[in-house]
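Taken in sequence, the protein lines are chains H and X.
With my numbering as the guide, the letters of the first sequence map in order to residues 2 to 114.
With my numbering as the guide, the letters of the second sequence map in order to residues -1 to 115.
There are no misleading hints in this set.
Result set (DMTMM-like, lysine to aspartate or glutamate): computed pairs, CA atoms no more than 20 Å apart in a straight line:
{"id": "1", "chain 1": "X", "residue 1": "K40", "chain 2": "X", "residue 2": "D86"}
{"id": "2", "chain 1": "X", "residue 1": "K39", "chain 2": "H", "residue 2": "E6"}
{"id": "3", "chain 1": "X", "residue 1": "K40", "chain 2": "H", "residue 2": "E46"}
{"id": "4", "chain 1": "X", "residue 1": "K40", "chain 2": "H", "residue 2": "E6"}
{"id": "5", "chain 1": "H", "residue 1": "K59", "chain 2": "X", "residue 2": "E103"}
{"id": "6", "chain 1": "X", "residue 1": "K40", "chain 2": "H", "residue 2": "E40"}
{"id": "7", "chain 1": "X", "residue 1": "K39", "chain 2": "H", "residue 2": "E40"}
If you are wondering where the hints come from, they were derived from the structure by calculation, not from laboratory data.
Since the model is a prediction, treat every value here as computed from it, not as a measurement.
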Amino acid sequence: ILNVEQSPQSLHVQEGDSTNFTCSFPSSNFYALHWYRWETAKSPEALFVMTLNGDEKKKGRISATLNTKEGYSYLYIKGSQPEDSATYLCALPGAGTASKLTFGTGTRLQVTL
Amino acid sequence: GAVVSQHPSRVICKSGTSVKIECRSLDFQATTMFWYRQFPKKSLMLMATSNEGSKATYEQGVEKDKFLINHASLTLSTLTVTSAHPEDSSFYICSARRGGGRSYEQYFGPGTRLTVT
Chain H
2 ILNVEQSPQS LHVQEGDSTN FTCSFPSSNF YALHWYRWET AKSPEALFVM TLNGDEKKKG
62 RISATLNTKE GYSYLYIKGS QPEDSATYLC ALPGAGTASK LTFGTGTRLQ VTL
Chain X
-1 GAVVSQHPSR VICKSGTSVK IECRSLDFQA TTMFWYRQFP KKSLMLMATS NEGSKATYEQ
59 GVEKDKFLIN HASLTLSTLT VTSAHPEDSS FYICSARRGG GRSYEQYFGP GTRLTVT
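Whole structure, please, built from the sequences with the hints as guidance.
Listed below in structure tokens is the structure:
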């Protein structure tokens, strides 16, 4: 069983603050890492798929980095806005072509005015 | 693009009845669909993997006779919770994948909240 951990469990920041959170995973047999944003009452939305050590991806104010050798990925949000409030999930596929994703428990971000 | 719908969004049923949940990929053909369950304050737990035209592959501990999955077309998969009991009350969510391979994104439906009374 793949062990995917996210920290912190929840985070409360003020509008305009920058923040980051972590996804940790076993560094052996790494293939890919997926980041999702899940707003309440909506479908989880794919943010990034990262595959290479040292990968950096960016989408607007959100960016992510990947270190496969030490087994972690960081998600950064610059200048947080209330609309960034959501649960951020990371997930990794296991072995084999079925590509079953194992999810972390998520980081719940609350951005207030 | 890549929209997945799920119906119903909420359902309340009596103990002993069966409930069917539909998952549709609206603008693409999904080679594979996945069904997840979320327990309170827990992460998404994969229940089964569904490939069009073949039997679903269930995760360890998931009763295949309890949670019937049918993937009749490339755009529709259904999950039927048979003889539902209160402990089946949960949030069920499906996802669909457009292609093969572990770096392909999965597109999620909005989920179904099942309450069994």
